[in-house]
Amino acid sequence: MRSLLCALIALSLTAASASAGFFDSLQKLSKPDSKEGQYLSGATQLLSSSKDVDYKTERIIGESLALEGLQRFGNPVKNESLQQYVNLVGNAVAGNSKRTTIPYQFAVLDSPVQNAFAVPGGVIFVSRALVSILEDESELAAVLAHEVGHVAGKHALKSTQRAQFFQGVGTITAASVGGDKGKKFASAIGDMQAVLFDKGLDKDMEFEADLAAMESTYRTGYDPSAMIRVLQKLQKLEASSTNKKGSWFSTHPPLAERIARLQNQLQKYPDYSSLASVRDRFSKHAIAGK
Amino acid sequence: MRITRSLARSMSAAALLLLVAITAVAEEKRWVSSEGTTLKAEASASSEDVSDVKVGTEVSVIESGGRWLKVRTTAGKEGWVYAGRVSETPPASEVAGDDGGLFGASLQKSQINTAKADSARSIRGLSPEATKYAKDRGTPEMYKKSLDIVLARKVSPNELKAFLKEGKIGEYAQVHGGEK
Chain A
2 MRSLLCALIA LSLTAASASA GFFDSLQKLS KPDSKEGQYL SGATQLLSSS
52 KDVDYKTERI IGESLALEGL QRFGNPVKNE SLQQYVNLVG NAVAGNSKRT
102 TIPYQFAVLD SPVQNAFAVP GGVIFVSRAL VSILEDESEL AAVLAHEVGH
152 VAGKHALKST QRAQFFQGVG TITAASVGGD KGKKFASAIG DMQAVLFDKG
202 LDKDMEFEAD LAAMESTYRT GYDPSAMIRV LQKLQKLEAS STNKKGSWFS
252 THPPLAERIA RLQNQLQKYP DYSSLASVRD RFSKHAIAGK
Chain B
660 MRITRSLARS MSAAALLLLV AITAVAEEKR WVSSEGTTLK AEASASSEDV
710 SDVKVGTEVS VIESGGRWLK VRTTAGKEGW VYAGRVSETP PASEVAGDDG
760 GLFGASLQKS QINTAKADSA RSIRGLSPEA TKYAKDRGTP EMYKKSLDIV
810 LARKVSPNEL KAFLKEGKIG EYAQVHGGEK
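Top to bottom, those sequences are chains A and B. The first sequence stops at residue 291 when you use the numbering used here, and every number in between is there. The second sequence stops at residue 839 when you use the numbering used here, and every number in between is there.
Just so you know, these hints were derived from the structure itself, not from any lab. Each residue gets a CB set at the ideal place from its N, CA and C atoms; glycine is no exception. Certain hints may be false.
[What the hints assert, rightly or not] Taking lysine to aspartate or glutamate and the EDC-like style, the derived pairs with C-alpha atoms no more than 16 Å apart in a straight line are:
(1) A:Lys79 <-> B:Asp807
(2) B:Lys824 <-> A:Asp281
(3) A:Lys182 <-> B:Asp795
(4) A:Lys184 <-> B:Glu737
(5) A:Lys99 <-> B:Glu694
(6) B:Lys736 <-> B:Glu747
(7) B:Lys791 <-> A:Asp181
(8) A:Lys155 <-> A:Asp55
(9) A:Lys285 <-> A:Glu136
[To be verified] If you want the ones that stay clear, here's a sample from chain B, every Cβ over 12 Å from chain A, calculated:
(10) Glu701
(11) Asp708
(12) Gly735
(13) Lys813
Pulled out of the complex, with its shape left as it was, chain A reads as follows (with noise of 0.2 Å):
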């Protein structure tokens, strides 16, 4: 009888986990430890959220910072079907990644340099030179999930110490954005600047975006791998380029460690290689960013 009770348990145990599936396996990949762990924080952030940075807040800063970012890349191509396509397949991804209740905008600028960045609140872009090392649709696909996943995290925000100077502000105002506030509010966009463009955000926030965009890639119904092609072009101009500054390489961790962490995790995806990765529709909307 014992034994039947412990095979019973067994059993129930199996067709528990059996009825679970391919899906929650990534499901799972965002949960911290356990599920009263998830309630607890869910909570924790509801109920500190008046303190946090209030998405107007989040957007103006965006905005900003997407200013400072155009002076620096260049302006978006001149391609209404490109940057409309480039719309299509961000949001496709940013409607599966883990902050979907926010409108996301997405831009290809017209840059020799091979970067992609995020400025907070949703406003993405991409540059023109990284699209063009592309193959398909969605390895396009990662690089904008990549960047979701830092506006989901709120990476750029917490990487300032002067981000406290956010918080205190409450929600700005066009008045806190001029005289002595303005100055303040000028440095911290300066701050973050500094990160997003030079510095790069902590590795441990590249990991974390990395794979943010595999399970949003993933969850879409793109083949996840394509993160991992990416970075393996990426590895490859990087050993041949002399110039790497404002690129990828220069502004997230090591591509070795990235990839090495993205391909253990792609075990997790064992039906990956059925996905699509949509080559010809890319290619064809891809040849004017050229």
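Model the placement of chain B on the given structure of chain A, informed by the hints.
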């Protein structure tokens, strides 16, 4: 006889435990985590729509079939959903305005606020605050105009569905996966 009775008792205990196990499976909870999720009559994107479900909606899994799950909402609606559209934990809520609030109410309110902010933005473009920042910093007009255009760009849920369908992506993939 005693052996038979004991066996019968064991078997009913086994049946009971199995039932508990099956019920536990049947009552697994999921939360809708993707925008534009629709319950379908069958495990296929081309089947009839049952109901649109909002992000944050709690569902119970009643059947699993490959990448599709048959679910029931707390309101009693049943249908199939693409598994990538639900997750094991509730999605993080977004507080879009300066009003706090807890759980469901907050999530719903924030979605409305975000939608409002979004539709207002499409008319307004660059915020007055960022416009002031640009003026103070002497940002050239061309960059303000460029960002205005970027911020005004929108993708509707229908455009997104058509795009995924055309690419045979996710729930629109063929049986053996999408276009490779």
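To see whether the hints hold, each was checked on the structure:
Straight-line distance between C-alpha atoms of Lys79 of chain A and Asp807 of chain B comes to about 14 Å, which keeps the hinted pair within the 16 Å bound. Proposed proximity of Lys824 of chain B and Asp281 of chain A is supported: the alpha carbons are some 15 Å apart, at most 16 Å. This hinted pair checks out: Lys182 of chain A and Asp795 of chain B have alpha carbons roughly 12 Å apart, not beyond 16 Å. In summary, the hint linking Lys184 of chain A to Glu737 of chain B is not supported, as the alpha carbons are separated by about 56 Å, beyond the 16 Å threshold.
Simply put, Lys99 of chain A and Glu694 of chain B have alpha-carbon atoms about 11 Å apart, close enough for the 16 Å limit, and the pair holds. Taken as a hint, the Lys736 of chain B and Glu747 of chain B pair is broken in the structure, with Cα atoms around 19 Å apart against an allowance of 16 Å. Of the supplied pair hints, the one linking Lys791 of chain B and Asp181 of chain A holds, its CA atoms being roughly 14 Å apart against a limit of 16 Å. At roughly 11 Å between alpha-carbon atoms, Lys155 of chain A and Asp55 of chain A fall within 16 Å of each other, so this suggested pair holds.
At most 16 Å may separate the alpha-carbon atoms for a hinted pair to count; Lys285 of chain A and Glu136 of chain A meet this at roughly 11 Å. Distance to chain A confirms Glu701 of chain B as a non-interface residue, since its nearest Cβ pair spans about 18 Å, more than 12 Å. Against the 12 Å criterion, Asp708 of chain B stays outside the reach of chain A, whose nearest CB is about 18 Å from its own CB. Taking the minimum C-beta to C-beta distance to chain A, about 22 Å, the non-interface status of Gly735 of chain B holds against the 12 Å cut.
With a least CB separation of 8 Å from chain A, Lys813 of chain B falls inside the 12 Å interface cut-off, contrary to its annotation.
When the structure is compared with the earlier hints, violations turn up for hints 4, 6, 13 and for no others.
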